[in-house]
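Based on the provided sequences and hints, a complete structural model is requested.
Residue numbers (the numbering used here), protein chains in the order written: chain P, 5 to 256; chain L, 5 to 256.
You can trust all of the hints, since none of them are fake.
The list treats identical chains as one, so a pair stands whether inside a single copy or across any two.
No farther apart than 16 Å at their CA atoms in a straight line, the calculated lysine to aspartate or glutamate pairs in the EDC-like style are these:
id	residue 1	residue 2
1	Lys-225	Asp-72
2	Lys-31	Asp-63
3	Lys-76	Asp-101
Worth flagging that the hints you see were computed from the coordinates, not collected in a lab.
2 protein chains.
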Amino acid sequence: MISVVLLGAGNVGTHFFKAIESTEDVKVTQWYSRNLERIKGYGNKTIVTDDLSQLVEADLYILAVSDDAVGKLSSKLPFENRLVVHTSGSVNVYDLDKKNKRGVLYPLQTFSSHAEMDFNNVPICIETLDKKSYPLLKAVATSLGSPTKRVNSDQRRVLHLAAVFVNNFTNQLYRISHEITESEAAEFDLLKPLIMETAKKVQTLSPYMAQTGPAKRRDKKTIEKHLELLNNPEHKAIYKLLTKSIQHTHGR
Amino acid sequence: MISVVLLGAGNVGTHFFKAIESTEDVKVTQWYSRNLERIKGYGNKTIVTDDLSQLVEADLYILAVSDDAVGKLSSKLPFENRLVVHTSGSVNVYDLDKKNKRGVLYPLQTFSSHAEMDFNNVPICIETLDKKSYPLLKAVATSLGSPTKRVNSDQRRVLHLAAVFVNNFTNQLYRISHEITESEAAEFDLLKPLIMETAKKVQTLSPYMAQTGPAKRRDKKTIEKHLELLNNPEHKAIYKLLTKSIQHTHGR
Numbered sequence: 005m006i007s008v009v010l011l012g013a014g015n016v017g018t019h020f021f022k023a024i025e026s027t028e029d030v031k032v033t034q035w036y037s038r039n040l041e042r043i044k045g046y047g048n049k050t051i052v053t054d055d056l057s058q059l060v061e062a063d064l065y066i067l068a069v070s071d072d073a074v075g076k077l078s079s080k081l082p083f084e085n086r087l088v089v090h091t092s093g094s095v096n097v098y099d100l101d102k103k104n105k106r107g108v109l110y111p112l113q114t115f116s117s118h119a120e121m122d123f124n125n126v127p128i129c130i131e132t133l134d135k136k137s138y139p140l141l142k143a144v145a146t147s148l149g150s151p152t153k154r155v156n157s158d159q160r161r162v163l164h165l166a167a168v169f170v171n172n173f174t175n176q177l178y179r180i181s182h183e184i185t186e187s188e189a190a191e192f193d194l195l196k197p198l199i200m201e202t203a204k205k206v207q208t209l210s211p212y213m214a215q216t217g218p219a220k221r222r223d224k225k226t227i228e229k230h231l232e233l234l235n236n237p238e239h240k241a242i243y244k245l246l247t248k249s250i251q252h253t254h255g256r
Numbered sequence: 005m006i007s008v009v010l011l012g013a014g015n016v017g018t019h020f021f022k023a024i025e026s027t028e029d030v031k032v033t034q035w036y037s038r039n040l041e042r043i044k045g046y047g048n049k050t051i052v053t054d055d056l057s058q059l060v061e062a063d064l065y066i067l068a069v070s071d072d073a074v075g076k077l078s079s080k081l082p083f084e085n086r087l088v089v090h091t092s093g094s095v096n097v098y099d100l101d102k103k104n105k106r107g108v109l110y111p112l113q114t115f116s117s118h119a120e121m122d123f124n125n126v127p128i129c130i131e132t133l134d135k136k137s138y139p140l141l142k143a144v145a146t147s148l149g150s151p152t153k154r155v156n157s158d159q160r161r162v163l164h165l166a167a168v169f170v171n172n173f174t175n176q177l178y179r180i181s182h183e184i185t186e187s188e189a190a191e192f193d194l195l196k197p198l199i200m201e202t203a204k205k206v207q208t209l210s211p212y213m214a215q216t217g218p219a220k221r222r223d224k225k226t227i228e229k230h231l232e233l234l235n236n237p238e239h240k241a242i243y244k245l246l247t248k249s250i251q252h253t254h255g256r
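Set out below in structure tokens:
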């Protein structure tokens with residue numbers, strides 16, 4: 005049995021708690037949050053605390069806190085030479101206080117507060133500063149059901165950046181589509197199957213191969229019609245820039 | 005039984021043929037392509053022809069040809085007063101020759117040549133110039149299993165435009181992510197579950213509610229790190245523009 009002390013009770017922390025709870029080989033022996041109210045309800049499942057001086061000994065300490073809090077919290081930990089990881093895509097592993105063994109368990113997924121997440125769909129990128137810590141982190145991630153991948157800092161950084169493109173930026177394109185359709189009282193719902201299909205396509209096909217549409221075809225007539233339809237100058241600029249980008253990718 | 009003559013043997017035409025074949029109430033009594041080679045193999049399932057003068061009488065003529073070809077082909081049809089529709093998102097319904105009754109069956113989906121498409125996932129937008137044609141078009145689309153929606157020209161136009169955002173532009177964001185990850189030999193595959201989850205989220209949540217990330221949080225530190233990582237000036241410009249767009253949407 006691998007024992008874990010979990011620190012942080014936000015979205016990521018809570019999803020980690022629930023996922024670890026459902027495994028047979030890993031256990032959250034203690035859950036820390038500076039706001040005890042948040043985790044009090046889990047008191048029948050694990051020891052909850054808001055007092056760092058009360059932290060128990062464990063095989064692994066997972067800091068699931070905001071990017072800005074990682075460094076400070078790690079330096080406040082009242083012990084040394086134990087394995088401490090954070091869960092952020094963008095925080096340097098060296099930001100963790102060097103008095104402990106350091107690593108990262110970065111779940112490459114978007115978590116909603118209201119929906120359960122199947123960790124089979126949560127790839128976990130593992131980074132460690134000492135080789136010896138890797139097997140334990142790998143075992144924890146595997147117990148959760150996650151695909152795992154050992155990465156270095158540069159790789160984790162670009163994965164986090166790429167995640168912003170496929171998640172936040174893509175979602176903003178959905179939002180703009182929502183605004184465009186609403187402007188003519190057309191139904192955004194009609195686009196939902198297309199949104200799913202577009203995501204599904206690149207599960208087996210490269211995005212390069214999956215591309216279609218007026219930009220790739222260099223269909224000037226349609227592109228001009230679309231630009232005329234767009235009233236919002238920012239939407240127009242996004243249309244132009246992404247059209248140009250597609251044409252650069254599919255240059256002749 | 006509703007009889008259909010299908011014209012065009014590209015992606016959309018072929019998907020329509022297969023979908024209609026699988027229904028009980030609709031039949032493709034004839035399939036026209038100017039390139040007979042393309043459809044010869046279906047000769048045991050329907051009458052195939054490359055000769056417009058041989059077109060048989062039918063309840064409905066579906067022109068599944070390229071945008072540019074719709075007008076010309078419709079004017080070459082050797083009959084009058086029958087129901088003729090095209091399948092394009094962006095072609096004006098008035099581009100169809102007025103000697104026939106005119107309409108549109110616009111399938112709001114992306115079709116691959118190699119994969120079968122379940123028409124339950126293909127919303128069909130129906131437009132007609134005469135009211136009397138609507139029930140027949142609705143019956144055809146419903147037989148295919150498609151959700152249907154009656155739209156006017158303005159609505160069809162914005163749906164087509166919005167489709168470019170959620171399909172072509174989103175796919176280009178996937179492509180850029182592919183380039184970014186490859187630059188550090190990180191695996192694009194790790195992003196695939198996130199891509200699916202991002203699409204899934206907006207099936208039940210509005211894109212506005214689904215948004216997260218550094219742009220929305222106004223996390224300047226992370227945004228600056230990301231901009232430093234991007235070497236391609238076009239990718240940098242896209243990052244900046246979409247970040248600004250998210251911040252305008254989620255303005256305080």
